[in-house]
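Number of protein chains: 2
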Amino acid sequence: MTAVKKIDFDVSDVRRYLEPGPVVLVSSAHRGAHDIMTMGWHTIMEFSPSLVGCMISAGNHSFELIRASGECVINLPTTALTDTVVKIGNTSGERIDKFEEFGLTAEAAEMVGAPMIGECHANFECRLFEDALVGRYNFFVFEVVKAHVAPEPEHPETLHYKGGGIFMVSGEIIDKSALFRPGML
Amino acid sequence: MTAVKKIDFDVSDVRRYLEPGPVVLVSSAHRGAHDIMTMGWHTIMEFSPSLVGCMISAGNHSFELIRASGECVINLPTTALTDTVVKIGNTSGERIDKFEEFGLTAEAAEMVGAPMIGECHANFECRLFEDALVGRYNFFVFEVVKAHVAPEPEHPETLHYKGGGIFMVSGEIIDKSALFRPGML
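Those protein sequence lines, which keep their order, are chains A and B.
Residue 75 in full-length UniProt numbering sits at position 75 of the first sequence, and the numbers go up by one each step.
Residue 112 in full-length UniProt numbering sits at position 112 of the second sequence, and the numbers go up by one each step.
Treat each hint with caution, since some may be false.
Pairs involving identical chains hold if they fit within one copy or between any two copies, as the list cannot separate such chains.
In silico DSS-like links for lysine-lysine, alpha-carbon gap of 30 angstroms or less [said to hold, decoys possible]: (1) K6 / K87; (2) K6 / K146; (3) K176 / K6; (4) K6 / K162; (5) K162 / K87; (6) K87 / K146.
These are computed hints drawn from the structure, not numbers from a lab.
With the hints as extra help, turn the sequences into a complete structure.
Quick look at the structure:
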């Protein structure tokens with residue numbers, strides 16, 4: 001697996017990749033430390049500003065890096081990285097450097113200090129937008145401030161977690177736009 | 001399409017159905033009025049209590065019913081209901097009775113006043129748990145207080161929205177549990 005070439009993408013349209021509910025990899029950095037975590041608990045919250053709500057457990061090494069820096073990158077892995085995704089979720093960044101351990105390329109982001117994962121299909125640079133529910137629920141609202149997406153394939157094969165070690169892989173694409181009212185598209 | 005027979009399901013495990021990110025149908029009722037809306041912006045937030053965070057636009061007829069009653073049912077449709085899901089998302093409950101219009105069965109829930117949609121694969125009865133972000137973001141945190149799931153199929157074919165009238169249908173199931181640390185399963 002090598003790094004994937006990406007182009008700029010409209011931040012107000014990241015729902016195309018996140019709304020279907022894929023497992024993502026969240027990368028973060030603070031004062032020389034960095035980490036990667038898997039995340040399946042997230043939701044789009046607004047198109048513009050481009051907001052994404054994310055659950056990041058306080059028990060996770062990434063939690064403090066993200067909270068202290070107020071930044072992260074949400075990276076979209078495909079099935080080419082399935083085993084790596086599982087391994088990232090089953091190890092702690094307190095003990096290992098996950099970029100090094102799993103042969104991933106740390107690329108410099110443009111707007112945030114957190115590194116982007118080169119091998120992923122898309123990288124969404126995020127800044128903390130709202131922390132009102134962080135203390136009670138570990139729920140962060142991020143604004144996507146810059147988006148990078150590989151131009152192909154249009155519909156990458158993504159991983160969707162069901163718990164118990166079971167994943168669903170994204171399947172068939174169907175176009176129902178003919179049934180939509182114009183203003184709803 | 002007829003109503004699907006369901007059995008009780010552990011509320012702390014609804015992530016099995018919601019974490020993969022499907023489009024769901026949210027049903028609600030208040031003072032004789034009821035409605036159904038489609039929802040693609042949601043995330044699991046906790047196992048126990050069983051919390052689900054949901055974006056419900058204030059422009060939606062359902063918003064006031066849910067806000068006033070503090071209750072709803074999250075229903076999981078399968079591809080057997082694809083066209084109905086699209087039509088529900090493209091009509092307003094202010095003008096039509098969506099149960100009647102789309103031939104859906106309103107079943108009485110056990111713990112909430114909102115009706116369950118019989119034709120869906122699963123019904124999750126919800127009570128409002130946290131409204132701190134409703135005013136600023138239309139973000140509701142619900143507790144799933146009762147869950148009903150059809151025993152088969154184990155992996156129903158669900159719909160995942162990408163915007164622009166395009167849906168991804170859930171695909172292949174892969175078991176990676178052998179790669180997990182026991183405590184992570």
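Verification of the hints:
Taking the shortest alpha-carbon separations for K6 and K87, only the intra-copy value of 25 angstroms comes in at or below 30 angstroms, while the best inter-copy value is 36 angstroms. Taking the closest pair of Cα atoms, K6 and K146 come within 30 angstroms of each other only inside a single copy of the chain (12 angstroms); across copies the shortest separation is 44 angstroms, beyond that limit. With identical chains, the CA atoms of K176 and K6 are at most 30 angstroms apart both within one copy (28 angstroms) and between copies (29 angstroms). In this homomeric assembly, K6 and K162 come within 30 angstroms of each other (Cα to Cα) both inside a single copy, at 29 angstroms, and across copies, at 20 angstroms.
Taking the shortest alpha-carbon separations for K162 and K87, both the intra-copy value of 16 angstroms and the inter-copy value of 28 angstroms come in at or below 30 angstroms. When the C-alpha separation of K87 and K146 is checked against a cutoff of 30 angstroms, the pair qualifies only within one copy, where the shortest distance is 27 angstroms, while the shortest distance between copies is 34 angstroms.
Hint violations for this structure: none, all hints satisfied.
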